[in-house]
Amino acid sequence: MFVWFHKLASPPYFYRLAGRLAPWLAWASLIVILAGLYGGLWLAPPDYQQGDGFRIIYVHVPSAWMSLFIYVVMALAAAIGLIWRMKLAHAVSAAAAPLGAAFTFLALVTGSLWGKPMWGTYWVWDARLTSELVLLFLYFGYLALHRAFEDQRSGDRAGAILALVGIVNVPIIHYSVKWWNTLHQGPTVFFGARADIAPSMYIPLFIMIIGFMLYFAAFVLKRLQVEILSRERHTAWVQELAGKP
Amino acid sequence: MSSWHEFLTMGGYAAYVWPAYGVALGVMVLNAVLPSRRQRALLKELARRAPNNQELP
Chain C
199 MFVWFHKLAS PPYFYRLAGR LAPWLAWASL IVILAGLYGG LWLAPPDYQQ GDGFRIIYVH
259 VPSAWMSLFI YVVMALAAAI GLIWRMKLAH AVSAAAAPLG AAFTFLALVT GSLWGKPMWG
319 TYWVWDARLT SELVLLFLYF GYLALHRAFE DQRSGDRAGA ILALVGIVNV PIIHYSVKWW
379 NTLHQGPTVF FGARADIAPS MYIPLFIMII GFMLYFAAFV LKRLQVEILS RERHTAWVQE
439 LAGKP
Chain F
14 MSSWHEFLTM GGYAAYVWPA YGVALGVMVL NAVLPSRRQR ALLKELARRA PNNQELP
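Here the protein sequences come in this chain order: C and F.
So that you can map any letter, position 20 of the first sequence is 218 in our numbering, and since no number is skipped, the others follow by simple counting.
So that you can map any letter, position 45 of the second sequence is 58 in our numbering, and since no number is skipped, the others follow by simple counting.
Here chain C stands alone, though its shape is the one from the complex (with noise of 0.2 Å):
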């Protein structure tokens, strides 16, 4: 097993098998969101109270639990960094890291555009929109300081740490409704005590977040390859890769 570790854990190796993968992965995201926005958007019954409204949940909550998610692999990936000193490691969260942003900025923005024909406002200082918030100004925070050094290690570790103490943050995300008493929605579908949700909603929910998952799969690895080309732009193998035409 450690000896198949370690060779996933070479870059050259892993530049390779994240290039045969990343298509697939893309082509399968696709098709699963088509499927997704299909029964979401079409099949699904207009909800009782907010109408046809409601259906922006099918891009708004897998955004929501990618913000997340993402954040989470991120901080994985920087306690391995920090412990092992695997370079590979900082790079996937380099990589990451803008994928966790773009969703936390996706989550806010149709978050906040479900919240003016319901709410009546597009945005309140509310714990769980407050928190998500605090989200993203982390994802800008690591994309600004891992950047930030001359030399890459350092900035590897002082991103890492940013990481790390930030994680405190996901679990305020996630209870925050149940915590303060707020505007937002409690946990409905997943966490929820009793699911009051009717399957023809939360199928193509389910769908369109497996969807979003291989999607990000998919983008992570390719990011990831160009991680990994501008850390190893002196080595051998990608000087020989370059000098291919």
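Rather than coming from a laboratory, the hints here were simulated on the basis of the structure.
Keep in mind that the hints are not guaranteed to be accurate.
What the hints assert, rightly or not - Taking lysine to aspartate or glutamate and the DMTMM-like style, the derived pairs with C-alpha atoms no more than 25 Å apart in a straight line are: (1) Lys314/C to Glu58/F; (2) Lys314/C to Asp245/C; (3) Lys205/C to Glu430/C; (4) Lys285/C to Glu58/F; (5) Lys57/F to Glu348/C; (6) Lys57/F to Asp349/C; (7) Lys57/F to Glu430/C; (8) Lys57/F to Asp245/C.
What the hints assert, rightly or not - Under 7 Å between C-beta atoms, here's a sample of chain F residues computed to sit facing chain C: (9) Gly24; (10) Tyr29; (11) Gly35; (12) Val46; (13) Pro48; (14) Gln52; (15) Ala54; (16) Leu55; (17) Leu59; (18) Ala60.
Said to hold, decoys possible - From the derived model, a few chain C residues whose C-beta atoms are all more than 12 Å from chain F: (19) Ser208; (20) Ser227; (21) Ala277; (22) Leu286; (23) Ala346; (24) Gly364; (25) Leu381; (26) Thr386; (27) Val418; (28) Leu419.
From a predicted model like this one, the values you see are computed outputs, not experimental measurements.
From the three backbone atoms N, C-alpha and C, an ideal C-beta is built for every residue, glycine too.
Given the structure of chain C, go ahead and fit chain F onto it with the hints provided.
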């Protein structure tokens, strides 16, 4: 959804539902295209400076 019309108007919420999906589409397409373009640019840049093809400086 019963009709194409209801689909487009989203039962009166079109002004919120479609922009939400538009932003999502934009952000996700951008994050799908950017890495490959960056990869090609980086490979080209490294190829230009690769020792084995001796171009004029």
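**Report entry** Violated constraints from the hint list, given by number and in increasing order
**Finding:** 1, 8, 11, 12, 15, 20, 27, 28
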